[in-house]
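If you follow the hints, you should be able to join the two separate chains into one complex; please do so.
Residue-level listing of the chains:
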Amino acid sequence: MEHYNMNLTLKVWRQKNKNDQGRFETLQAKDISSEMSFLEMFDVVNEQLINDGKDPVAFDHDCREGICGSCSMHINGRAHGPWDGTTTCQLHMRAFNDGDTITVEPWRAGAFPVIKDLTVDRTAFDRIIEAGGYISVNTGNAQDANCLPVDKNDADLSFAAASCIGCGACVAACKNSSAMLFVSAKVSQLALLPQGHPEKQSRALNMVAQMDKEGFGSCTNTGACEAECPKEISLTNIARLNREFIGAGFSSEK
Amino acid sequence: MLNAKIPAGPLNSKWEDYKGHCKLVNPANKRNLEVIIIGTGLAGASAAASLGELGYKVKAFCFQDSPRRAHSIAAQGGINAAKNYQNDGDSVFRLFYDTVKGGDYRAREANVHRLAEVSGNIIDQCVAQGVPFAREYGGLLSNRSFGGTQVQRTFYAAGQTGQQLLLGAYSALERQVALGNVKMYSRHEMLDIVKIDGKARGIIARDLVTGELERHFGHAVLICSGGYGNVFYLSTNAMGSNATAAWKATKNGAYFANPCFTQIHPTCIPVSGDHQSKLTLMSESLRNDGRIWVPKKQNDTRKASDIPEEERDYYLERRYPAFGNLVPRDVASRAAKERCDAGFGVGTSRQAVYLDFAAAIERYGSIEVGKRQLTNVSKEDIIKLGKEVVAEKYGNLFDMYAKITGENPYELPMRIYPAVHYTMGGLWVDYELNTTVPGLYSLGEANFSDHGANRLGASALMQGLADGYFVLPYTIGNYLADEIRTKAISTDHPAFVEAEKSVQDIINKFMTTKGTRSVDYFHKKLGKIMWDKCGMARNEKGLKEAIEEIKALRVEFWKEVRVPGEAKEFNPELEKAGRVADFLELGELMCMDALNRRESCGGHFREESQTEDGEAKRDDDNFSYVAAWEYKGYGQYELHKEPLVFEECKPTQRSYK
Numbered sequence: 001m002e003h004y005n006m007n008l009t010l011k012v013w014r015q016k017n018k019n020d021q022g023r024f025e026t027l028q029a030k031d032i033s034s035e036m037s038f039l040e041m042f043d044v045v046n047e048q049l050i051n052d053g054k055d056p057v058a059f060d061h062d063c064r065e066g067i068c069g070s071c072s073m074h075i076n077g078r079a080h081g082p083w084d085g086t087t088t089c090q091l092h093m094r095a096f097n098d099g100d101t102i103t104v105e106p107w108r109a110g111a112f113p114v115i116k117d118l119t120v121d122r123t124a125f126d127r128i129i130e131a132g133g134y135i136s137v138n139t140g141n142a143q144d145a146n147c148l149p150v151d152k153n154d155a156d157l158s159f160a161a162a163s164c165i166g167c168g169a170c171v172a173a174c175k176n177s178s179a180m181l182f183v184s185a186k187v188s189q190l191a192l193l194p195q196g197h198p199e200k201q202s203r204a205l206n207m208v209a210q211m212d213k214e215g216f217g218s219c220t221n222t223g224a225c226e227a228e229c230p231k232e233i234s235l236t237n238i239a240r241l242n243r244e245f246i247g248a249g250f251s252s253e254k
Numbered sequence: 001m002l003n004a005k006i007p008a009g010p011l012n013s014k015w016e017d018y019k020g021h022c023k024l025v026n027p028a029n030k031r032n033l034e035v036i037i038i039g040t041g042l043a044g045a046s047a048a049a050s051l052g053e054l055g056y057k058v059k060a061f062c063f064q065d066s067p068r069r070a071h072s073i074a075a076q077g078g079i080n081a082a083k084n085y086q087n088d089g090d091s092v093f094r095l096f097y098d099t100v101k102g103g104d105y106r107a108r109e110a111n112v113h114r115l116a117e118v119s120g121n122i123i124d125q126c127v128a129q130g131v132p133f134a135r136e137y138g139g140l141l142s143n144r145s146f147g148g149t150q151v152q153r154t155f156y157a158a159g160q161t162g163q164q165l166l167l168g169a170y171s172a173l174e175r176q177v178a179l180g181n182v183k184m185y186s187r188h189e190m191l192d193i194v195k196i197d198g199k200a201r202g203i204i205a206r207d208l209v210t211g212e213l214e215r216h217f218g219h220a221v222l223i224c225s226g227g228y229g230n231v232f233y234l235s236t237n238a239m240g241s242n243a244t245a246a247w248k249a250t251k252n253g254a255y256f257a258n259p260c261f262t263q264i265h266p267t268c269i270p271v272s273g274d275h276q277s278k279l280t281l282m283s284e285s286l287r288n289d290g291r292i293w294v295p296k297k298q299n300d301t302r303k304a305s306d307i308p309e310e311e312r313d314y315y316l317e318r319r320y321p322a323f324g325n326l327v328p329r330d331v332a333s334r335a336a337k338e339r340c341d342a343g344f345g346v347g348t349s350r351q352a353v354y355l356d357f358a359a360a361i362e363r364y365g366s367i368e369v370g371k372r373q374l375t376n377v378s379k380e381d382i383i384k385l386g387k388e389v390v391a392e393k394y395g396n397l398f399d400m401y402a403k404i405t406g407e408n409p410y411e412l413p414m415r416i417y418p419a420v421h422y423t424m425g426g427l428w429v430d431y432e433l434n435t436t437v438p439g440l441y442s443l444g445e446a447n448f449s450d451h452g453a454n455r456l457g458a459s460a461l462m463q464g465l466a467d468g469y470f471v472l473p474y475t476i477g478n479y480l481a482d483e484i485r486t487k488a489i490s491t492d493h494p495a496f497v498e499a500e501k502s503v504q505d506i507i508n509k510f511m512t513t514k515g516t517r518s519v520d521y522f523h524k525k526l527g528k529i530m531w532d533k534c535g536m537a538r539n540e541k542g543l544k545e546a547i548e549e550i551k552a553l554r555v556e557f558w559k560e561v562r563v564p565g566e567a568k569e570f571n572p573e574l575e576k577a578g579r580v581a582d583f584l585e586l587g588e589l590m591c592m593d594a595l596n597r598r599e600s601c602g603g604h605f606r607e608e609s610q611t612e613d614g615e616a617k618r619d620d621d622n623f624s625y626v627a628a629w630e631y632k633g634y635g636q637y638e639l640h641k642e643p644l645v646f647e648e649c650k651p652t653q654r655s656y657k
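As they're listed, the protein sequences go chains A and B.
Here the first sequence stands for residues 1 to 254, numbered as in UniProt numbering.
Here the second sequence stands for residues 1 to 657, numbered as in UniProt numbering.
Keep in mind the hints are simulated off the structure, nothing from the lab.
Careful, some of the hints might be misleading.
No more than 20 Å apart at the CA atoms, straight line, and that leaves these computed lysine to aspartate or glutamate pairs for EDC-like [claimed, not checked]:
no.	chain 1	residue 1	chain 2	residue 2
1	A	K54	B	D520
2	B	K657	B	D313
3	B	K403	A	E2
4	A	K54	B	E575
5	A	K18	B	D207
Stretch by stretch, here's where chain A covers chain B in the computed footprint (C-beta under 8 Å, at least three residues) [as the list claims (entries may be wrong)]:
no.	region
6	55 to 67
7	150 to 161
8	170 to 178
9	468 to 476
10	525 to 532
Predicted model only: the values in this text are computed from it and were never measured.
For every residue, glycine included, the Cβ atom is placed at its ideal position computed from N, Cα and C.
Chain B with its partners taken away, still in its complex shape (with noise of 0.2 Å):
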């Protein structure tokens, strides 16, 4: 039975009382606790710069050239806090329960609510440490709205604001580097869990430089490795962005929970062709001023500009004129998909939604005529100072479309369509953030735990802050005070030979197979195969057909990949066929727990659960439970469930009408 280990009492006092009950660690103990952290972006660095400062012995790894390039560096509109500056009617209540009614009622109130609380210790951390967030003209804080809410709490860098975040919380990493609290081993992989007596005491990895395998032993162990939109092959992550240690943890025992839960973002650059590598996303933030909009008659094929306003249909505004463009992610995803299917979509390829800045850059210029007093202003110059306006604003997402696509968006309205940005799945972890295997921790984006079936704009980097920052340093001194006569085991110890050389097995299977295809032939055929039927609508006859291409494709995996080069050298196709081997196997989990859940929630849309007008329709007498699957051998997989207790937030049907 899994217990998440919820404190008791009231929902607003339960961090408060587990803060003032958990057991703590002496400053002499810590020194001799050793602490082995699994990727450096939000999650790992500001743990790993939290625990290096509590004065924890911490060896962090990432497997880019330095820390500072892990992909939350790429997230754009900014981070939400529940700081009211705007006084605008916010509160931690209402951050919370936003973020539960956004997440479709499918995340555990207690961690959320947490989280809430700890949102206004981030902003005021990130700027102690420099963050130059935007500022007003009086040099306070500037705030902008986002998608699924109706106040303004976001906090944002221009849309650079994950770059800012990062770039702080790698400073102080480096800072405890140079301290010498934390150990930086950075172009290393994870690429096992080493377990002892059931409790993580350490990993393997391997020196992408080098080759070689290394042991690395450590009393905890922190997976904070990020998402796994990669199965998809065409997302907006980093190319380099992998599941292997998630999926190496669960493996090893770690319960991986809600894998279905995917959220395909509404505005990214459309896809241009197969040499295709990645899909890059538009802040969310454009929705503010953006109107999203399709022809009225299917199949037009002409220009915008030649489109008149009244042959126009401005979807999300017609479909739901409480927050019109605002709705969150996965509603204004399956309405560009809906528009695009029903043909109606735009571009060379059909399958792309106009985002017009026209409108809002005409606004923008009277509002600056009306500023600066100007009389006898003609059109033109109203639309050249709007134009002025939305650069300040947006303006390197608008010079990064131009490189994209060569076309200018100050001109021409955007082509987006939607694309796999972000998972909501992953490890399963209790309160402590501790995943089913004792000493063995998830954070970030690796865990499940925040967003339910659907993640709110601008809440991601929140949550890998407060993880980091502020919970994750207490709650692993519950465990660790436990720990303190535990002394360093030798990685002589038979677990850690055992574990090397399995890892060893598998790359040397790679390197004798020399089948006649690459790594990347296989990731895109996964990809091709999830996105058609495990994407943004699902049904049970695609997935239990993906389950079995999938099962298919393992199989010519093994047989006919082609790794070139050496194992014991700086090889990158060696790297990636380790990766995507993981991936062949979370896909099918993700398609096995996608058909078991048969409702619609959040961005998990099966198409025999929808209302009579196309809305997602939740099961909440069935399928009010976190799915937790344990491994229990090669594709084989057992279900747990964790039902959820809602307390506060009463489940209603999500409307945004």
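Extracted from the complex, chain A is given alone in its bound form (with noise of 0.2 Å):
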């Protein structure tokens, strides 16, 4: 692979805490490899910054190996960059030429507040699970795990769901800011296994609730989620969650 050097223009949002009103700061990028990931470019501007006494961009980020979820930057209006089914983390600067100018935003949600600069909080994702992401089972109840076959077709398709890796990017994409693809690959995750059905109804609907309450908008089809999902979770997904919420609102006495 050929390896080259550029120069970019970087019109970044800054905002020092969640009170101030931010503005975009226009930063110069000078000698960035294309080998180099897109967080390795801004360590490269940071460094600079801190070397001129100022203040250097903060940007969620960990693992850099596209799992933990963590970075989400929403670079010239897509989330996570150019790339499909990548995180901003794997997003490498061949993608990019000399002299461009790229325009980086934290996620724009109502339920994600900037923390600062691309900072933002999603512990609403948190508050999602914690109303009905999981199978109640405490530890030590557990019976041998090959009693329970599962067929593979499901266990893939409950694989696939799984996959998710929390980011927000669903969210960040959507013209609704719905989190409606989050929710569904969780519910879906569960819905597929027989250890997941006792719950099934009451997840569904718990889930969806508490999605609403943090504010998050509602879902008008528009596929921009999975257009963006770094891990490509399939629009199908919000289909079976509709199907286990409107069965759940029809059967379900809870």
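Listed below in structure tokens is the structure:
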């Protein structure tokens, strides 16, 4: 693979804290290697800001291998930037050319208030899981694992839904800031498995209720969430959630 | 004298016996007992959930924005359990034996046996939680083999096993949060332990969003904060992974055991330049099907595809015919370094070897042809079918490689090189997972207990969950049963005030130093010293130099570090500064420990102690002990030895030939 260096202009959202109004700031990124990840490019920019006595850009990141779900940049109008099925940390600079201007914003959603610069508060997702994103089994209750065979197709679909990393790109991409893809991924994972059946109705009802309470919008099936999801979680999960939710509404006494 | 409190009796009945006799706490009393848990990875989250279910009042802390992001999530390959579902001769004893042998006879037998005993329960528990493990067409669980073993005992969920296990534990944790049994403090970092009358009674934590310091009381404190691989700056750990909690425990009297035992993982994507911020692991499971080779000719600059079969050196298969590409991690890593140092490395840096799937693709393609009863199949079609099978098994890993390197691993062999991955050393704990401070426990990678000098693949997930789900919930009762009369201590107690002041002093020092160099500058320098002199091969001269260099770097750090921004705000640079300050002390202790251990064992390779053909040579007469270091003041440590007694696994020179 040929490597090259580039100079870039960044328009970065700067916001001191949640009460600050915030604004775009223009920063220069010089001698950026095409081999760097997008976050390593920010490391270089921050090193320069620190050396210049300025405040570095705050952004969430941790594993830098696309699995923890911490990174959360809206790049040139797309959640996690131009590559499909990719988190910001796995986006590499060969996606850009010398002289490009790149706009970088935090996730934009009322339920994800900005903490500082590109860092947002996503604890609403934790509260949605608290509302029902689990199977109620205490440690020590379990029977032998192979006592419960699971159809391989169901197991594979469940796994595909479970690969959600909880980054929030689906919410950021959605014009309604809906969290339906996130909620449906967890509901689907558990509804597809026999272990998850006893609670599947209350789970769907409670998680959706909490989603609404947190201020996420409604789903209008535009599919932007699926298009921007770094783990390519399928829109069919939303259809499954709707089935579970409507079914629960008709039959549940809860 | 260190007392490991190993129960008497035969090895295979110690744990049953312990459980039958340990003290219990009645449910009404549990409600009044508070437990603080630092870290929410597999060990912390599973402990928090289980203790919450038992009825204790739990406070769990993590520095990330959510407990679901702990670095356990990045574990790829799998989790071991002695289920013997494959009928291939596995048993609790085999898993125990493999783990002790794989650890090069530097682990405590009783702990490892208990780990093997509860391994099966972990799989049961995770399946019940809805963890979507890989399954066969009949609906039963699938297994694969992993480095260092000859049975198939590894359960997995594609290349995302850690993610699925952690999300299972996280869900259980969140359920307890909803029930009010666990209070979660995310974006909080523990910055000191509070001790009262010699017992751990609480912590000082910093709210990372507001920058405010907080005092929290607990009847016991659990350190589940993971390993310290980031001492090396470049590692497969997450950027935030740190040793601060474990190090503050050390400074408060907990001994730190075997700090030099670090695992260098053989299959990582090589460093591409100075900008590199972290290294990415390619799961060890790739060695099940991939073949590792370098050119037979030194400094061969031809493309991999231009090097004919007979000019390739499959050096692991050549040196270790019995295990081949599946030798344990330490052996595979050293063999790669040996080839690269001798001038046979590949890629622009020459610090890489090939991991080649061409043979596996062809083999799987042919199997598919047979399965589907196809006739007149061209070579291209066989390859196409083979790629589909490989994609199903390893697709996410191949995609990750392609994104990072820009190369297609289905067409070209991958380039790999060893990288720091896991630390076997950690806080010394007894059989009950208690450190040398009463009431201060350590679980998972943060403790030293189960992996000796080298950890086998798919055993980290097993240990984290064993400790949190099935060990600590019993052992902590044995301590807390005597604490039921201890009322919650006010955080106005002088010990809290004093601890908070010492934390505040360090923060003030960072904010007022206003030096000329960023935190990363020092971290990178420390990492280079550690990698060069306390990495895959160590010797007396290098280690002595490293100790002096680290001391000097520490002085420079406190004079020249620049932390921008304010203390009372969200300030990631301030967080990093605190962590690097601790790494600068721990790094020195790692070198001291490596210098003291004048033998080679597991991941610790002293050049002075090797066999004629370059294999690690243990010295059981002089070093069959756990080295537990007591903090005696800044840069001062005293060595305590816990002798290791092997009743069941008689130490032999490990051979994978």
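Here is how each hint holds up against the structure:
A distance of roughly 16 Å separates the Cα atoms of A:K54 and B:D520; the hinted pair therefore holds under the 20 Å criterion. Note on B:K657 and B:D313: the hinted pairing holds, with a Cα-Cα distance of about 17 Å set against a maximum of 20 Å. The hinted pair formed by B:K403 and A:E2 meets the criterion: a straight-line CA distance of about 14 Å does not exceed 20 Å. With a C-alpha separation of about 17 Å, the suggested pairing of A:K54 with B:E575 holds against the 20 Å cut-off.
With a C-alpha separation of about 15 Å, the suggested pair A:K18 and B:D207 falls inside the 20 Å cut-off, and the hint holds. For the region 55 to 67 of chain B, the stated coverage by chain A holds: 4 residues have a C-beta nearer than 8 Å to a C-beta of that chain, and at least 3 were required. With 3 residues bearing a CB less than 8 Å from a CB of chain A, the region 150 to 161 of chain B meets the requirement of three and the coverage assertion stands. Restraint check on the region 170 to 178 of chain B versus chain A: 7 residues with Cβ-Cβ distances below 8 Å, three needed, restraint holds.
Restraint check on the region 468 to 476 of chain B versus chain A: 3 residues with Cβ-Cβ distances below 8 Å, three needed, restraint holds. For the region 525 to 532 of chain B, the stated coverage by chain A is not satisfied: 0 residues place a CB nearer than 8 Å to a CB of that chain, which falls below the threshold of 3.
In the structure shown, a violation is registered for the earlier hint numbered 10 alone.
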